[in-house]
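A.B. asks: This is what each chain is made of:
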Amino acid sequence: MADFDAIVVGSGCAGPVAALELARAGRSVLVVERGTFAGAKNVSGGRLYTHALRAVLPDFAAEAPLERRVVRERISMLAPDANVTVDYTDDLLRTERAESYTVLRARFDPWLAGKAEEAGAEYVTGIAVESLLKDGARVTGVRAGDDEITADVVILADGVNSLLTPQAVGAARPAPGQVAAGVKQVIELPERTISDRLMCADDEGAAWLFVGDATHGHVGGGFVYTNRSSLSVGIVATLSDLVTAETPIYQMLEDFKRHPAVAPLLVGGEVVEHSGHLVAEGGFDAMPPLVGDGVLLAGESAMMCINAGYTVRGMDLAIAAGQIAGQQAAAALAAGDTSAAGLAGYPEALERSFVLQDLRTLRTFPGFMEHATRLFVDYPAMARDLFRQLFAVDGTPVRPLRKTLPPIARRAGYLNLARDLWKGAKAL
Amino acid sequence: MSPLDPITVNVDEYLARNKYEVDEGNPHIELVDDADPVAFGRLVRACPAALYKVDAQGHQTFDHAGCLECGTCRIVGTGTVVARWQYPGPTMGVEYRYG
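In order, the protein sequences belong to chains A and B. With numbering that gives the first Met the number 0 applied, the first sequence corresponds to residues 0 to 427, in that order. With numbering that gives the first Met the number 0 applied, the second sequence corresponds to residues 0 to 98, in that order.
Worth flagging that the hints you see were computed from the coordinates, not collected in a lab. For each residue, glycine too, the CB sits at the ideal point set by N, CA and C. Check before you lean on any hint, since a few could be wrong.
Between beta-carbon pairs, the in silico distance windows are [stated by the list, open to error]: (1) B:2 with A:200: 44 to 50 Å; (2) A:271 with B:88: 43 to 49 Å; (3) A:90 with B:23: 38 to 44 Å; (4) A:90 with B:5: 43 to 49 Å; (5) A:418 with B:38: 30 to 36 Å; (6) A:73 with B:5: 39 to 45 Å.
With the sequences and hints as input, model every part of the structure.
C.D. replies: Structure (structure tokens):
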């Protein structure tokens with residue numbers, strides 16, 4: 000007889016939702032979190048698409064510690080001396096089905112953990128799971144400190160840098176081309192100042208992604224998210240390219256903050272936290288097996304993250320996967336079979352949900368990003384030069400665009416342009 | 000590997016604003032002796048906390064105290080620079096107040 004029906008390792012997005020579903024199904028479930036509180040070790044960029052959370056907790060909007068509803072999307076091509084931005088705002092982004100909010104995880108995650116506890120999940124924090132208990136190939140529990148705790152099923156929701164998934168399902172350590180380093184600073188500013196600078200109402204905010212000089216031409220990008228009274232400003236850079244760059248990632252962030260297109264946003268702000276996090280961007284092909292005997296993986300521990308270039312998603316995938324993991328673990332417990340075969344309903348249900356469908360649809364974009372260095376150096380400069388033709392008026396006679404545009408496009412090569420457009424379109 | 004452009008930022012000043020419980024004398028990341036300079040250089044570029052440093056004389060330093068526990072050096076440096084990578088002990092390490 001095991002100590003618990005289920006043990007969940009990690010309290011981020013996937014873990015508490017899995018625990019909540021198990022508790023709702025009447026199962027005994029223990030969540031083990033290594034931080035002194037849920038969220039203490041957790042970092043995200045920070046925007047949560049809330050469709051998945053609504054499916055678990057329909058009333059979240061009234062009580063969750065959300066920062067701002069994102070109603071303004073910006074994407075920029077950043078050259079060293081210029082910036083070209085697409086700015087999109089839409090009433091649709093205010094509707095329930097398409098809503099997203101900025102979040103700060105040290106505030107959001109304790110709330111989500113509290114929901115699991117309310118539903119009946121037991122919590123222990125400040126204890127790290129050092130290894131898994133196994134009986135042959137089967138996972139039978141966890142070893143945490145001096146304690147050995149057993150369960151019929153273990154759910155690993157311990158994040159992108161999991162030391163347990165290799166033990167559980169033989170997951171390989173991700174390759175440097177499959178993950179990016181992320182560095183982020185939270186910069187405090189008055190609430191109204193943020194609203195004014197980003198042209199938003201006080202409860203509403205912006206998500207702003209930059210390609211190009213944010214990473215000094217390396218694979219990755221920069222971001223700015225509006226929290227209630229702070230900005231989350233950061234850089235994400237694919238490790239395989241970053242490790243030979245002429246600039247360390249923390250210097251990229253500093254240079255990004257000083258770029259004339261970004262610096263005015265931050266004037267008078269105070270850095271209150273400097274954080275780091277790995278970002279899984281290997282897509283579908285980088286995912287480990289999702290189940291083993293007595294164990295399943297949900298969220299970033301299973302590399303569930305999508306970087307489509309214009310959007311970055313992890314938390315909504317984790318919440319949906321956590322919900323499905325909890326439901327399917329409960330079903331397997333009810334059927335008395337938590338072997339890999341008994342847990343097969345989990346990957347099957349994920350296949351029916353947006354989680355694996357979206358990971359599959361966007362699977363080739365990471366490869367496109369890897370090889371399109373033109374995207375990070377040449378195209379931002381071309382965008383700059385195109386807009387110079389339109390907007391820089393210096394009294395010299397104007398030449399028609401049909402004469403000035405072709406030389407700009409020719410710099411990258413028409414064939415390369417066509418190929419990148421085609422590859423980009425095909426991957427999306 | 001490109002040579003590094005001059006570093007103008009002092010990340011230690013930023014790390015000083017974070018909350019840590021440092022496990023003094025009990026590093027959760029241990030390095031090999033005399034790491035290959037090229038392999039070490041990869042971590043100089045990738046570590047978001049700037050914990051891997053090379054001074055003007057080429058002397059390598061590493062300090063686990065400001066670790067953000069992201070795992071970047073585990074991915075990039077295992078087998079070349081990083082001999083052992085674990086999470087800090089219970090209640091130790093960084094404690095994010097914003098995340």
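A.B. asks: State for each hint whether it applies.
C.D. replies: Each hint tested on the structure:
Between residue 2 of chain B and residue 200 of chain A the beta carbon distance is about 47 Å. The supplied range of 44 to 50 Å therefore holds. At roughly 26 Å, the beta carbons of residue 271 of chain A and residue 88 of chain B sit outside the given window of 43 to 49 Å. Taken as a hint, the range 38 to 44 Å is violated for the pair residue 90 of chain A and residue 23 of chain B, whose Cβ atoms sit roughly 55 Å apart. The given range of 43 to 49 Å is respected by residue 90 of chain A and residue 5 of chain B, whose C-beta atoms sit roughly 48 Å from each other.
A beta carbon spacing of about 35 Å between residue 418 of chain A and residue 38 of chain B agrees with the range 30 to 36 Å that was offered as a hint. About 31 Å separates the C-beta atoms of residue 73 of chain A and residue 5 of chain B, a value inconsistent with the hinted range of 39 to 45 Å.
Of the numbered hints given earlier, the model fails hints 2, 3 and 6; all others are met.
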